[in-house]
Amino acid sequence: MLFVSQLINGLQLGSIYALVALGYSMVYGIIKLLNFAHGDIIMVGGYIALFTLTFGQHPLIAAALTVAGCTVLAIVIEKLAYTPLRFAPRLSLLITAIGVSILLQNLAQYFFSATGRSFPGHLLLPQGGIALGSVQVAYTSIITILTSLISMVILTILVRRTRLGKAMRAVSEDQDAARLMGINVNSVITFTFAVGAALAGIGALMYSVRYPLMFPTMGAMLGLKAFVAAVFGGIGSIPGAMLGGYAIGMLEVLVTAVGLSGWVDGVVFMVLICVLMVRPTGIMGRSIMEKV
Amino acid sequence: MKAFTIPTPVRYGINTALLILFLIAGNAITQSGLLGRAQNAIIIQVGFFIILAVSLNLVTGYLGQLPLGHAGFMAVGAYAGALFWRAHILPETLSIVVGLLLAGVVAALFGILIGVPALRLRGDYLAIITLGFGEIIRVVLTNLDSITYGARGLLNIPRHSSFLVVYICVIISCAVIHTLMKSRHGRAILSIRENEIAAESCGVKTTYYKVMAFAVSAFFAGIAGALFAGNLGILVPANFDFMTSINILMIVVLGGLGSMFGSVVAAAVLTFLPFVLQPLADYRMIIYSLMLIIVMIFKPSGLMGSYDFSLSRILEKVIGKALSLGRDKGGKNHGKA
Amino acid sequence: MLKRHGLFARAAGIALAAALLAGCAAGGQDQAPQAADTAPAQAPAATEQGGGDAPAEAVDEVLIGLLGPWTGAVAQFGVAKRNGAMLYIDQFNARGGLQIRTVDFDEEGDPANAIVGYHWLFDQGINALIGSVTSAPTMAVVPEAFADNMPMITATSTHANVTVDAATGNVWTNMFRSCFIDPFQGTKMAEFAVEVLGAQTAAILFSNEIDYSIGLTDAFTVRAGELGLEIVAVEVFANEAMDYVGQLTNIAAANPDVLFIPAYHQHIALIGPQSVAAGLDTVMLGADGWGAALEAIADPSSIEGSFYLTGFTVEDESPLVQNFINDFVAEFGHQPNMFAAQAYDAAMILINAIEMALADGFVPDTDEFKSSIIAHMAATDIQGVTGHITFDQYNNPQKTAFIIQIVDGEARFWGTF
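Protein chains in written order, with our numbering: chain A, 1 to 292; chain B, 293 to 629; chain C, 630 to 1046.
Treat the hints as calculated values from the structure; they're not laboratory data. Keep in mind it's a predicted model, so treat the numbers as computed, not measured. The reader is advised that the hints may include incorrect statements.
Claimed, not checked - Not the full set, but computed from the structure, chain C residues with beta-carbon under 8 Å of chain A:
no. : residue
1   : VAL708
2   : ASN837
3   : VAL861
4   : ASP872
5   : ALA1008
What the hints assert, rightly or not - The calculated lysine to any residue pairs, modelled on SDA-like cross-linking and capped at a C-alpha distance of 25 Å, are:
no. : chain 1 : residue 1 : chain 2 : residue 2
6   : A       : LYS79     : B       : SER483
7   : A       : LYS32     : B       : VAL587
8   : A       : LYS32     : B       : ILE463
Using N, Cα and C, we set each Cβ at its ideal position, and we do this for glycine too.
The shape of chain A in the complex, shown without the other chains:
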């Protein structure tokens, strides 16, 4: 019984990681950028949800505004900061992303102050839960886990079954060839950012309900963990990101459950390293052929 409730807890945590990892993975897949600002987009999303809910908006409107806000923010960032560096060395792009991350955190501190604010989660999702046998499962857990699964399915359909998805795959395979084939590479990349950010917006909602404290640096650790999850599952792969998210979430909870709570981060990274030793491109990652 204890084990089952820990399992559900791990799944819920893992679902949040997974939603964030999906965004990471998509952006990485298409332009090979570790988008460090991704976690901070979630932070902004959290604040948007907080303010819209506090001003008495309907939960659905608040959720829509959050997702829209994250999407617009990501597009603006992509256009202003990343597009000019499309042909620059990848590390310069990485440093720019870090710069954007620091900028977002400090703008948030300037406007919202450094002090944490509580998030009215009960306005967004129903409280309470259902009893599965002797285990009490909160509605928020169920909704979070379902949301992450549905997001993954929609995303898979988007990438596998639509023209836009085909264009995305083409761009991630070879930008120049895609351009020659008449694909508008810039708009495909922007669209990818937008989708990633929309997922971040959903992630922000799920995160805020579960961890109802908003502060300017809240996205940093979440972003890092999600990045680890994405790599764990095989960065660039949609089911991989999901799997990585669940794996990291479960692992953290289980390590704690066996009484090693002081070593959680250490054990998580140790497992990650072992997995990468055996499968150097992550669990679901494609192995890349090296050519001269």
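We have chain A already, so just place chains B and C on it with the hints.
Structure of chains B and C alone, referenced to chain A:
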């Protein structure tokens, strides 16, 4: 027309003389009170950031890998050096030297330990695995509190990081890495960056050189860590978190990948900048991050690109020009000193 | 948002209780309360009387420094401290007469920056320093400030070695603080658990990445051992952790009488709701880090019935405290937390000592002036918003500990302990 060249021994003579002059002058200036005390304190911190950046540049700029765990090596060195210094088992000067060497060697051992498995991976997977090792080191340092005192802080570390100590280390690390890169081994390292498979097929022992570059890089990061400890007098594992690694990487990229001179300039700029921006108060970090983004957008290859400063080259140009001018006037002397 | 409710009679007595209990609170050293004599309002008069051999009217400005993290991960503590200190300084300056000028430096919570910051402030010619905020930067700065004979007071650095050299056991005589130290709080809460709540078993949830949390845990464990309080579970969390359910589930399985959580309010804001999810139903005990927990927590009912120790309560009805709260709200738009209150007191202690040093005829920007400030700070005997403050031989404040209980989602003053 044959270009004028300064013979190698003379070059080394000039450079050594200038460096000694720099040390003496720098020491005199920092002691004289000519600069403010804050400026002196920053100059010392610039010193160990130079070592960190130059050593990371060896792996990132020259070897072409992306490690995100440099702070881990720094941490190992910092704790090794600090614990040794705290024991006070040798007379002071000797203790400083041995402590720094110990810090470097321990960090280098970790470099090999981590490098061997990590370098099997490529690109961003290497990045994440080194990030993981860096975090593991931090978690271990936090949990080993009977030795490291964990988050309570390792206190009363002798403050050995004077201008002379720090900048002698800066010069040694720059000189060693510079010499390494000018040698046969350096060319092997560069060939791995350019094309690993091609390098391997030409007989370059890629794994050996990768691990060597990793170990040398870790060695100097360890020394920088010890200098960091000797500057603060207190260590907590949180000093060596992921953001510290990122800050070092930021210096390397901002300076220009593969440019040692760039690393030095960027270390100075990025250490002084937050200080200079202090009067902006609450806007400070906003402006700082905006500047970072703008520099990257307009100068993606870093402040210095791949340009490396070489006094001899400048001298050669100047003398060469002077000589060719002289020759044009009729003289037939060829610079052959 | 904290509401001030009920218990008027009791709360009205706090000021008196504070004065009477000041000595007993931290180990029974007798200090005669003489609040009225040294209240800052009276001090400007002393300035005019003094200065026999120095031209007193020439001294109309004294420069002091503020060091702390205004940005970065611990900015919320830094900003609270700066607000509290600046409020007192502005109020003091508004009285006319001596003007306190300030320069400040943002050290981002980083010891290396703190050292640069200290030297920069020194270069600006400060006569005293309020700072820093977290313990590590403060401990990095103290030896340097000691060498300069620089009077220094922190409002928030609770590490035992902030005022005492760890290697030699000597006191950093220039260094004072207006906050409780870690061991005091841990000991107090262990005693509270046993003597008041009658607990037999306890669990601890702490972070081994926060020195404050470790310090309290150590002291709590030691005192619990002495009192026969059995520790049945110890769980650890990372400083930036967001998920605590695993730890809380383990603790719930151990079923302790009390759960001691030495952490900051941002942790409590997450631990509280998750304790419900983990099925934990135990009285929680905290320390002064809980100060603003109710403002940060989404669901106050999840920490209903918890007790925490603090040096400051907004329920204190004394005019000094109520004026402070009103002025603070007017200035910054929200209730002051404990950090702001302690910073207000730190500024009060320091400026009071500066006035006395001026009254003794010392001239600012001299070494003798700084020595005099240090001497007067050591002899502090003042009524602050966090109680009546005197310093012990280790320059730690001797002041009353208040116990707050969360009742009906509000912070109720339970009593002194």
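So, going through the hints one by one against the coordinates:
1. VAL708: At about 6 Å, which falls below the 8 Å cut-off, the nearest Cβ of chain A leaves the hint on C/VAL708 intact, so it holds.
2. ASN837: For C/ASN837, the interface hint holds, since the closest Cβ of chain A sits about 5 Å away, which is under 8 Å.
3. VAL861: 13 Å, violated
4. ASP872: 5 Å, holds
5. ALA1008: At about 35 Å, which exceeds the 8 Å cut-off, the nearest Cβ of chain A leaves the hint on C/ALA1008 violated.
6. A/LYS79 to B/SER483: Given pair A/LYS79, B/SER483 is violated - Cα atoms ~36 Å apart, limit 25 Å.
7. A/LYS32 to B/VAL587: Holds, at roughly 21 Å.
8. A/LYS32 to B/ILE463: Roughly 36 Å between the alpha carbons, so the hint for A/LYS32 and B/ILE463 is violated.
Hints 3, 5, 6, 8 from the earlier list are contradicted by this structure; the remaining hints agree with it.
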